[in-house]
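Okay, here's what each chain looks like letter by letter:
Number of protein chains: 2
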Amino acid sequence: GTKPQAVSSSSEAVINLDHGDPTVYESFWGKVGEKCTMVIKGNELMSYISDLRKPCWFLEEELENSIKRLHHVAGNAVVDDRYVVVGTGSTQLYQAVLYALTTGGTAPEQQPVPVVCAAPYYSQYEDETDFLRSGLYKWAGDAYAFDKEGPYIEVVTSPNNPDGTTREAVVINSLADQGKILYDLAYYWPQYTPITRAADYDIMYFTFSKSTGHAGSRIGWALVKDEEIAKKMTRFIELSSIGVSKDSQLRAAKIMGVICDGYQDFESDENSENFFEYAHQLMEDRWKRLREIVARSNVFSLPKYPQEYCLFHGEFTESYPAFAWLKCKEGAIDEDCEKFLRESYKIVGRGGRRFGADPSYARLSMLSRDEVFQQFLDRLQSINNGTVSNGNY
Amino acid sequence: GTKPQAVSSSSEAVINLDHGDPTVYESFWGKVGEKCTMVIKGNELMSYISDLRKPCWFLEEELENSIKRLHHVAGNAVVDDRYVVVGTGSTQLYQAVLYALTTGGTAPEQQPVPVVCAAPYYSQYEDETDFLRSGLYKWAGDAYAFDKEGPYIEVVTSPNNPDGTTREAVVINSLADQGKILYDLAYYWPQYTPITRAADYDIMYFTFSKSTGHAGSRIGWALVKDEEIAKKMTRFIELSSIGVSKDSQLRAAKIMGVICDGYQDFESDENSENFFEYAHQLMEDRWKRLREIVARSNVFSLPKYPQEYCLFHGEFTESYPAFAWLKCKEGAIDEDCEKFLRESYKIVGRGGRRFGADPSYARLSMLSRDEVFQQFLDRLQSINNGTVSNGNY
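If you read the sequences in order, they're chains V and X.
Everything in the first sequence is counted per this note's numbering, starting at 1 for the first residue and increasing by one.
Everything in the second sequence is counted per this note's numbering, starting at 1 for the first residue and increasing by one.
Since the hints were derived computationally from the structure, they do not count as laboratory data.
Zero decoy hints are in this set.
Using C-beta positions, here's what the derived DEER-type ranges look like:
1. Asp370/X with Thr37/V: 30 to 40 Å
2. Asp202/V with Thr103/X: 25 to 35 Å
3. Val78/X with Lys304/V: 55 to 65 Å
Predicted model, so just to flag it, every value in this text is computed and none were measured.
For each residue, glycine too, the CB sits at the ideal point set by N, CA and C.
Based on the sequences and whatever the hints tell you, model everything.
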């Protein structure tokens with residue numbers, strides 16, 4: 001084989017794994033071909049309105065149906081007797097939920113409701129909560145450290161971004177009924193984690209970006225038990241953007257429909273591979289290759305995940321998260337993992353501090369295109385070699 | 001002819017002209033056929049990112065090019081040396097501008113910046129400004145009544161929604177440099193109003209909904225002179241929704257491209273009609289028919305608009321706004337125009353109070369489908385008859 005070398009010359013391209021851009025799935029959808037091609041005529045989807053009788057009046061019926069089918073196939077969420085609210089990605093839905101849970105109170109002098117999430121938490125929550133300095137809600141950081149009385153909102157991200165762990169709410173509050181919980185289940189799909197049950201929360205949301213990889217379409221959806229909450233979320237999206245792209249709604253409906261057809265034997269095709277098996281195999285393969293390199297390293301470590309029985313796969317499986325939560329070992333090289341990766345080896349990740357965690361961690365996307373992922377592994381291996389043996393081979 | 005009758009039986013369907021849903025244009029796009037059909041393959045447009053080197057990193061290049069072509073064709077805005085920022089409809093852009101103009105200050109105890117617009121103003125501005133109780137900005141109502149010192153933002157909607165008038169800024173302030181102005185030019189297109197010059201403001205925005213009628217796609221765009229403002233607007237949209245549907249961006253690019261091709265003689269087609277002429281003719285025809293009925297009325301009146309030389313049409317033209325700003329004449333029937341239309345005749349409009357104006361006004365969409373517009377005229381005529389002659393014929 002070729003000799004790995006320590007990488008430090010400026011001629012090496014930067015490997016950007018900062019965003020969770022899910023381009024890994026492009027090759028799958030390229031192979032599926034025609035049947036997932038979206039065709040929209042010039043005079044279609046022109047109205048703001050889909051169905052004024054529904055709480056979410058801009059939700060296209062095809063999308064609602066496909067969402068429910070997809071959850072039936074994946075077995076990851078209860079959809080019966082739930083209202084579906086579509087959003088411009090789950091980012092808009094997160095804010096719609098905050099609005100829905102804090103508006104309509106009678107007290108004019110209401111203080112902003114604290115919003116918390118157990119650290120390490122998704123790096124964008126703080127800015128998304130606080131950027132408009134809302135009088136309705138306010139970021140209050142790590143849920144483990146939260147001990148105030150009164151109303152609060154806890155965000156539970158499960159599997160968690162950045163570290164891939166399965167989570168439950170953690171706030172202990174003597175007036176527990178004052179707390180509202182929202183569940184960000186963006187990564188609760190069979191390719192990333194064992195599906196141990198159909199999630200059955202009052203407010204939970206998912207996104208097209210992470211389920212099938214279509215981030216450019218900006219489609220997310222919430223499943224909501226209470227009609228008033230669904231209506232207030234809809235009102236938020238009306239005031240933010242008068243609804244959600246209908247072109248993307250129908251494209252999402254089509255792509256989800258193709259996945260479901262694969263499992264339900266419609267248009268059966270010998271050459272077709274089912275999406276979740278394909279994606280699971282791919283993530284398993286990537287994680288194995290990454291773990292092999294990290295295991296030989298004196299510098300890095302990765303979280304370990306328990307095996308659990310997955311109802312979807314019908315066997316015990318492990319988690320293969322969308323991000324690697326890489327830790328620089330104590331005493332090794334540098335205590336700032338992001339800086340170490342960036343300055344020494346031109347790998348761009350997102351440092352632990354952004355997630356309310358220690359800078360010895362960095363988050364790296366596992367969803368890049370194949371060639372980028374291979375470059376990432378090669379470069380990481382060269383770091384190991386360069387470190388362990390002082391760059392002598 | 002058939003005898004018109006006063007309408008009051010519950011068997012008559014409600015005519016909803018509350019929203020400005022631009023379905024009037026569906027028949028045009030239906031006739032254009034294949035060349036405006038959008039085709040998107042399953043593996044296309046999957047990434048969040050379009051071009052990280054641009055201030056608006058999620059803007060698709062095809063859309064930017066089509067937007068610039070369309071403004072060249074319409075002659076309604078200067079595009080050279082402007083940054084294009086795409087939004088989820090102009091609704092998201094309005095809020096992005098407010099954020100961009102009020103964030104990044106150094107004062108931690110900054111008071112919310114007042115936002116004003118001359119009455120009658122678009123009914124949604126107040127709620128869009130205040131629904132999150134932002135500490136950055138706050139709705140302050142009618143610009144004519146605004147006399148505070150200090151920073152402020154004035155929204156200039158021209159042509160105006162609801163009343164179709166051409167507008168300039170109106171706030172008189174001894175510290176004039178503290179005021180920032182944003183121009184909502186959603187209706188500054190040749191079908192609605194004479195194009196008297198290419199608009200050349202620092203911050204102006206337009207929308208796909210009102211220019212071509214594709215409201216369901218939720219695409220708006222701002223033309224911005226200052227790079228820092230463009231970057232802050234982009235940051236707002238990143239935090240709100242991590243960008244804008246790429247499916248809709250490319251669809252908008254395609255539809256705009258078809259319009260421009262029509263004017264630039266590409267793919268010339270004897271049967272093709274150019275969009276702006278078609279739409280102008282259609283609006284002129286609707287306004288003539290409406291004005292005839294209103295002129296015979298003792299109950300209603302409509303604004304008059306001056307003839308101006310339109311650079312696009314190369315002749316003097318009148319305004320044919322997207323909304324009729326109908327006034328119940330003093331002493332006639334009722335002083336609440338919305339209530340009168342709704343209760344007596346099942347025509348749903350939006351009352352003057354919602355626009356900071358007198359309840360003797362109501363706003364009615366002129367952009368409904370043909371059959372709905374015809375029903376509206378028929379019903380309005382029956383009111384005239386019913387009123388003038390006590391329903392005797």
